[in-house]
Structures are given as C-alpha cells and as structure tokens.
Amino acid sequence: MAIPKVLGTETEFGIQVVGDPSFNPSLASAMVVNALVDRRRRVGWSYDAETPRRDARSPFADGFAPDIDGAAVNVVLTNGARFYVDHAHPEYSSPETLDARQAALFDKAGELVAHQAAEVASRLLPEGQRVALYKNNSDGKGSSYGSHENVLIDRSLPFGRVIAHLPTFLVTRQLVSGSGKVGGEMGRGPATFQVTQRADFFEEVVGLETTLRRPLVNTRDEPHADERYRRLHVIVGDATMSEVQTWLKVGTLAAFLAALEDDALPDDLALADPIGSAWAVSRDPELSGLLGLADGRTATALDLQWQYHEWLVAHHRRTEEPEVGSVLDGWADLLEDLERDPRRASDRLDWAAKLRLVEGYLGRGVAWDDPKLAAVDLQYHDLDPARGLFHRLVAGGRMQRLFDDTEVAHAAEHPPTGTRAYFRGRCVRRYHDQLVAANWDSLIFDTGEELLRRIPMMDPLKGTEALTGDLLDRSDDAAALIDSLGGGT
Amino acid sequence: MSDRERIRRPAVDDEVVDRRDAQPGVAIDSQEIDDLLDEIDTVLEENAEEFVRNYVQKGGE
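Line by line, the protein sequences are chains S and C.
Residue numbers for the first sequence follow the working numbering, beginning at 452 and rising by one.
Residue numbers for the second sequence follow the working numbering, beginning at 4 and rising by one.
Hints listed in this document are in silico derivations from the structure and should not be mistaken for laboratory results.
Ideal Cβ placement from N, Cα and C applies to all residues, glycine included.
Be aware that one or more of the hints could be misleading.
[Claimed, not checked] Selected chain S positions facing chain C (Cβ under 8 Å, derived; list incomplete):
#1 592
#2 816
#3 818
[Said to hold, decoys possible] What follows is a set of in silico ranges between Cβ atoms, one per label pair, in the way DEER data are often shown:
#4 S/920 to C/37: 49 to 59 Å
#5 S/921 to C/38: 16 to 26 Å
#6 S/638 to C/37: 51 to 61 Å
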C-alpha cells in the first residue's frame, strides 16, 4: 500500500530591478527576503541536516558540505514555508502538504508572499525603480532557475524502478507542466513556440546535478525525514501560475508515484531517446509528433498520457482516495481538450494561454522575432497583479481558479494542518522570540537554560493539528512546550 | 512501422465520454481575443526591446 503522498513545491523567482539595468541580483534578492524579517521575525536556518550531494544511487556516499553560499538570508514563515536567497534568486519552499490541492494553494500563497516582499523592498529603492519578480524558469538567454516538486515516497521502493518509469511520465507530463516559451535556447534546434520553459536545459536521463547537465531523474537523496522515507526531488516541470495547472501537475505526479509504489504500472514505456523526446514534446504545441519507444513502438505524448491515465484510474479503483479522484477527472478533461485543440485549455494551462496571446499578436502582423512577443512571454509571469499578464487574464475571468483571494491570503499566514508544517508554522508564530533555528526536520529553541533545546520532527506526518494543536494552545512558552513533549534533546 | 506498434489512447466507456462532452473547454472567438489584446497592450512594457534585453538572470537551483 502506497504511503501518504506528502507534497511540496520549491520556486526560484526571476528578479530584476526595473529602472536599474546594472542591478545586483543577489543583493536585490536579499532585499526581498529581508523585507519579511520585521513582519515574520527572522528565524535562522539550521543546516545540520542538509545533504544535497547525497545520491540515491549510492546512499552511503555522503560527503560534501551543504552549499550555504548566499543562503544566509533566511526566513521561516508562519505558514511553515521557507523563504530565502538561493544564489541570485529569492526562493519559496512551500510547507509540506497532504494533497495536490493543498500543494497548489501553498504554492500560490508563495507568490503572494514574494510579491508583498518585493513591494516592501521596492520602497527602499530610488524613485522610479522597483523590484519585479517573475515566476518563470528562463531568462531567454540560456540561464535557467528551478521549479522543483518534492514528494515523499517509500524508501523500500527500489530506486531503479523510479529510474525506469519516471522519465517517460515526466517527458509526456510536459503537456501539463509547461508554462510556454517563445523561441529556443541552448542550441537545441529551432523553435517558435515551446510548451515548456525548461526542456532546453535537460541533458541527462539520471543524475545528481540541478545546475548543469540537468537530469530528468534527479537522484538527490535528502529525505529530511526518518529512514522509512525518501523525498523524491523532481526538477522537470515549469513554475506554473495557473492554480488548476499546478494542482494537476503535482497531483498527477503524486498519483503516478503511488501507483509505482503499488506496482500498478504494467509497463515502463521506456523512450528510445528520453532527452530528444523531451525537447521534441516541448517543440510540438499542436501535440501531433510521434515519440519512439525503446522497443520500437511509437506514440504521441498525448496518447502516452492517456495510457498513464488509464492505469492510474485502475489503481484508484483500489485506493479510492477522493482527492486523487478529482485530479484524475480534471486531468481527463484537460487531455480531452488538448486532443481537440490545445487552445481549448487556455483557461487552465499557462502555455496554452500564452500561445493564444502570441498567436493573437501574430494575427496582428507582429513577427516571431519581434521583441514584443518576448516581452509578452516574460511579463506573463510578473507577480504584480497590475502588470502580470497572467493576473490580467485572471482579472478578466479568463483563467479558471481553484481558490479565492481570502484562501490564498490565509495560506500565506497559516500552515497546512495535516503535516509537521503545522507544528513548525505555529511555533514560528507563537514562540518566535525563543526559536533560534529551524529546518525541515527540527526546531531549536533557546529557553534561557544553558543548552539550546532541539525538537526533532523526523516524521512529516506527525506534528499535525490533530496531534499538537491543543498542546500548542496551552503551552505559554517554549519551555512548557518542550516539557510537555517529553524534554526534547 | 506497422500501425499495430503504435500505442493509442485506450478506449473509454460511454459514461466518461458523456461527462466530458458536457464540459466544453474555451471557445475560440476572434472578437474575444481582439478585446484581450487591446487590454494587454495597455499594461505591456512600452519599450519591449529594452525590457527583454535587461532581463538577464544567473542560473539557479
């Protein structure tokens, strides 16, 4: 039986100081993150559990210190998320959630957090300048920054099965995970419009890297949890602004991994050339191209997504998870529309919405190489509701939504209730004066005693509202909390 | 390559087809897209070339 799918998203935002072409991106990112320090309090991040160089293929080969360069600016938010400077980008790592709908909600809340921070930072800039943040993945000039999904999986699932099955799923899921791009990069061949921002940057099927020679299957083995679990780090998939799209992107991945754990995928559908196929699917917005499988069969990306859909529906008949059922229905509706005409999905998919805008301008005589199309591509992702084209589409009722503004604002302040993120977020709010450091799997308090007190949180499914809500309500300070928990370490 | 070797969308039952037919996606309407582009033009950065040129990022992840 598959384990509960604890889900999170990690978004590195593109950043620029409009009005200052020579801006320093690391400094601007630090200004954005620091803007939240007053409001959220600054809680240090503890790096003692970080092992980004640990490889799932050789789990005993630890080594390499965590990369903390530029990451000294860190805020742990009251919703349980982490907001920090990663190299030259502000990054929001969502709190752990229990289903795709919650994952999409807390991903959207991250946009609100980041935008509000950028507005505060902009007030410190000279007149006429502002910090603009973009939820995209490429500058169009050969630099990419990430959008990652993390999914808790059972460590007893042999990693070789992940390596066998995941590439084809991710390559064809680009139809669901792409946010669209005008043009091509990295010398991958000509492109007018691409389904994804990211495909051009993938070069390997399996690997540990995330910054160069990016792999379809990332083997980073940083569980942030006890030995029963693995935290699969999926780096293929664009940062998406459409709420419905984020829900389906994460939800189909989670359903796929649950089926893999339950051995419910009859065939790995291995592609003859996974990387070439990734580039080809991205370059085929009409979704008609055939991909070659390793055994000689062929299929379109859409038909392979339908095949996965059939298997996951069959798996779902056994599990009957209600949230997964709605993901599978929403996925089927989406595939149905994509099959008729991808533009029919322009109210749910960022890439299809962007394609309609681009084609509209082409119809008005704008050429493919006109900077106006590149500007549309970029400005689609601006987090500012007044400027971002995605936000204009939402305001005009042209994008379906899953959440209202009140829900998103609430999620920017309050944690999800069904994971340890609840405990983390509540502690940040209630005991911020005593909380000296936090990370995914522990909190460190200064209760005034000689030694700091550490509360381990090795199980992502503990620390929930049901388990700790009353305890937090009645513990007036961190010392009382720790005593009630049995002392900490 | 023979057609038998091509993987096709699995067949679905009538109930599923009925449900999906009841949920049409976005209609493609040229007047609507015209209105949309007029609206987009009011917020699009005025100097597209400079706006795009200045957007240079360092890689991340």
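Cross-check of the supplied hints:
1. 592: holds, 6 Å
2. 816: violated, 12 Å
3. 818: violated, 12 Å
4. S/920 to C/37: 49 to 59 Å: holds, 53 Å
5. S/921 to C/38: 16 to 26 Å: violated, 54 Å
6. S/638 to C/37: 51 to 61 Å: violated, 37 Å
Of the numbered hints stated above, those contradicted by the structure are hints 2, 3, 5, 6, listed in ascending order.
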